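*Asks:* Chain by chain, the residues:
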Amino acid sequence: MDMIGIAIKITILAAYAIIGTCTGLLFMGVGRKIVARVHNRVGPPFYQNFIDVAKLLSKKTNISHGWIFDLALLFSISGILLTLLFLPIGGVQLLSMDGDAFLVLYLLAIPSLGFALGAGASGNPNAGVGVMRALVMMLSYELPFVITLIALMIYYDTTSLATIVRMQSINGIKSWAITMPPFMIAAFAADMALQGMLMEQPFDIPVAPHEIASGPMVEFGGKYLGSLMLYKAIALVAETTLFVDLFLGGGVVAHGNFAFIINFIVWLALIFLLFVLSILIAASFPRFRIEQAFGFYWKYEAIIAAISLIWVYIMVIK
Amino acid sequence: MKSIELLGKGEEMHGRAYIKLSADEIEESIKKLKENGFNHFVMLSCVDWLDKGKFELVYHMWNYEEKEHAMLSVDIDRNNAVMKSMSHLFPQIETYEREIHEMYGIKFEGNNRLTPFLLENWPHDPPMRKDFDSKKFVKQMYESIPFIEGDENEGI
Amino acid sequence: MGLHNGDKMMRYEEWSKLARKASKRSLWMVHFCTGCGAIEMPPVMTSRYDMERFGIASMATPRQADVLLITGYLTVKTLRRVIQVYEQMQSPKYVIAFGSCTINGGMYWDSYNTIKHLEKYIPVDLYIAGCMPRPEGIINAFLELMKLIDEGKARGWERYQKYYDKYKENQRRVFNFEVKEEKEEKEQKREKNEEH
Amino acid sequence: MLDIIFAELVVAAIITFFVREKLAAIIAFFISLLPLLALLDWASNYGFNLINLGIENHMKIYLAGVTLHLAITPLSWFFALMILPLFPVIMLYSYSFFKENDGFFALMLLSLLATFGILLSRDMLSLFLFWEMMSWSSFLLVYRSKDKNAIMSYLIFSVFAAFAILFGIIILWHENSSLLLSDILNISGKLGFVAIASIITGFAVKAVIMPLHAWAPFVYSKCDEPFVAFLSGGLSKLGYYGIFLFLFSLKGVDILQNYMTNVSWNYLLAVFGALSAFFATLIAILQDDLRKLLAYSSIGQLGYIAIGFGIGTPLAITGALFQAFNHAFFKAVLFLAAGIVAYRTGKWKISELGGLAYKMPFTFMATLFAIFALAAIPITSGFASKWLLYEAAIQQKYVFIAPIMLIAGVGAFLYSFRILYGVFLGENRHDSVEEAPKSMIAALFILVLPLIIFVVFPGYMLDLMKPALEAAGIESIAHTKFAIETSLAKYNSIAVLITLMVAMIPALVIYKARKHRVTSFEDNYLAGEPYELHKPAMHAANNYYKPLKKVLLPYLEPGATYYFEKIYNGIKCVSNAVRRIYTGYVQDYAIYVVLFLLFVMGWLIWI
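Note that the protein sequences, when read in sequence, are chains Y, X, V and H. Counting in our numbering, the first sequence runs from 1 upward without gaps. Counting in our numbering, the second sequence runs from 319 upward without gaps. Counting in our numbering, the third sequence runs from 475 upward without gaps. Counting in our numbering, the fourth sequence runs from 671 upward without gaps.
It is worth saying that the hints were derived from the structure and are not from the lab. Among these hints, one or two may not hold up.
Stated by the list, open to error - A few chain Y residues that face chain H, going by a derived Cβ cut-off under 7 Å, partial list only:
#1 F102
#2 A121
#3 L143
#4 A269
#5 F272
#6 I314
Bear in mind that the values here come from a model prediction, so they are computed numbers and not experimental data. Beta carbons are placed, not taken as given, at the ideal position from N, Cα and C, and that holds for glycine.
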């Protein structure tokens, strides 16, 4: 247990946590700009979300509903930071040697359960209904995502993300999972699930501002809402990185001494591309109802994912 | 005009049938009109004739086929204004009666929802009556509430 | 609902410069549309005038918002709900009142149940004249509010705390439609000059 | 020494019949500690020498010319470690749960005696004897609930289970004419297959695997809480003890396998487990009664153990045993917490409860932790067991079972939040409620302890399992104190916990940077409407998953109970026909006798 080794590791982890937050906030600002351009309007400056977070965290009064309400704030940021650090980012295995894809799947649940507790503790009926919708959404988009995850695991015969990334980056882009036909279908299903995971427009049913007054966030204000915005930013980066690690080889294209920087840039470009894709889908679709979303995921997406799973199973058995 | 033939009285005024009825005839005439064609109850309005000392309640009905508007008018005394409730004929009459009760003070027997409707805890007498001086009331109530003066550097 | 019972008074000076800059460029308004001014808001939000370029966004609940827009005449019944929303907002919070109905009652000056001067009941930071101002007026008002925040003049929330009981007294009187007869005023005057 | 323990159990059972309930609880508590003492003493020969009182670990009872062999084995030691601690905790809990003593403690002591006997029995006769004692003592406890469905279904299913096991034992005894468990190995062919299959189905009834689960929802939701905590926490593990014993310790799998080689039999067990996990979770989501919801969730979680045994690889079996261990504790906590809620508010329906968290903080904390364990959140040991099962499914490339297991895992979030929100959070509609009595809270937190210990040191659990696995010829998987290593990936629990603490720092900084003010419940955003004006209903827990119910109900409608109703109708019309023979007139009976004689004569003449 050499102390220097641990100290370096902690500084790297802290650095990646800060990078994750800043890129997340930057992406949200750019996302609002893209949506504005789609609406043919000017849109806020790209650094707008930094200002919003600063304003929220500097609010004078912060109204809370008891210690269970505060759990939301604590669990949300710590849970999503934990998830981010267990993902291989740009080829750098932060902690992903110690955990695997299932751990990341369940770590993603800690912040949402924390929010659910906080929203429930606020006692507002809108919050209760909002959390119900969020959990039903989680159940629905989890099915296709899990099926594609298992397809990948069976093909690469491992559940650790680090090994999946390593096996997909042997000879650059040619070895990415998305280049193989069955995984193209799986990538499509997983991308739809990603749309649900990021709670972007067609699937932002739990936080619908018009129907249930922004769902679980009804009573969140000041630092609580600030922590929520930070959570959304980091979750954005974490979930897109998970997709990139599974299908796009974790952005690892170069090996050698300067590889670290190239991989980082490729990773950044890939998650930005994914985010722009989901923002464009968001800007052009109205919000679904919760039954439609559930039916969409469990009928159509699940069938698509199942096809890719069976195809991979046949390939692996042969 | 079909309604005038049906009820046998009333005259045509500006293209509408204006029928004067007494308080006890009103119920079965509404029922009669309702059965043949006048199935849309437009509204219940009230006019305060201060000098004649009476309220005039007008039941407006509309016939889609004939495209005819029938106005059944009833006069009731202004001091103890009491009228039978017609909500059993058309459900929405109950709401009109609640509003007229709140604004004019007419008591409708049979309508058990004459609770405060638009004016929450309004202690004075009904405001729409002609003897209610709205300007004086505004001066007494709203003007009498003081502005909140603070030292000048407290923003506006 | 005792909003500020026993709360330490939030002083304006404690507010750091950076925080003031941030809250200036990111005003979130609560979507409480009373009266006839609400229809002016959609053009302000959509592509022609686009308020989002100044960082202004519309939020669903008062907890998340900083600016409360009173867009038109207020009946006594609606004022009670507006005050509930205003007290649920988290300070620093601002109120922008649209149109002449909030300034002096507008065309309802002699109506028995509309509020005549809004600042008697809640502190108003900014009035926009006009019997419903156009979107340019509204955007200009937001920019004006930003200037006020910068100069430290938009302290409505502080006034509400300082004169909290005065505001509450006015609100109580208007909710119960309490009427002060002239003779009571005459009697008070007579008592005063009897004392002298 | 061992016989003294058995004698004391019987004597205590008789005494507690007549004593007042408080005294009975105290006696029961101390007596139920005895088996635990024996357990700790025997730990010495499995690598953990804690105390040694010199209790010898084998015994023979001579009963009417038949010798019952009782001895401890590594497997039964591990299962005893999982089941026996429940008893003292339940006695502690029910010290203040029961108003008057109507035989609850006596029956619980008898079932403790039976459990101890089952775990120690080395020959089939004693196994069956103690199994029967367990059945009827738990039946009497179920009978206390006075609910027709619960009593009838429990009776019918236990009798079916007992006959299945007896049928298997008779065949085995006939084949190799010895009752000793160790002699079962030399049996094969059709008879062996039938014996093992019937014994496994017999045990599967108590292990609540899907098609045989019909009794569980009724019994779990109608009997009194402390017993149900033992029933779902302990008794179901006895079912899995029997399955493990006959499948793996006594190589039942090979007997099944080499009779019908084309069908992989334990895959069938895994499929049944997966179905029960998936459907029970979906049904649990839609329940409104708290106990019914916990009942179906218990069936769901037990399904995971069946999947583990079904997959059969060392990784899967370790995962299954770990899951069994966790399930024993977190399910007991949940049922005891439901008991506390009912003890204080007298209500079961989640839609009528609400907002108890601030009045009953300790119960809420214990339930919160048990719910985290149930939902397999990485900060509890629940995750380690499910992780092992997922790894095993992927390693075997079971394409059908793995997604169903994962979806059932996610489904667990839904009904676990249903319990938290519906019962504890939201609007408080019970002002007169105060915190549960001390003994109940103590019981809850004792049960939560192992979930905490084994999240920090999952390796310890694998060490506990090692002797049991080696005895059954299954090699234990690589693990250190903190991390578990499999061929696919590594799970380092201490890394997760430390990073969580480190990641908590920014959250604490934000939390502490600004002061916050706690407002009352009335100060809620209701679109501006003041709460005092109309006091609207604020608890959204009624019919909580309505959209999900609208989509899922048509598919879930024909559940298992639908098929049992068909069987029930079949039996009813048959018995109706038979009933007509007994007309009550003597002449008819005379005619029957004459007809029978004619038939017999005809039969003799014809041969």
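*Asks:* Which constraints among the numbered hints does this structure fail? Numbers only, ascending.
*Replies:* Violated hints: 4, 5 and 6; rest satisfied.
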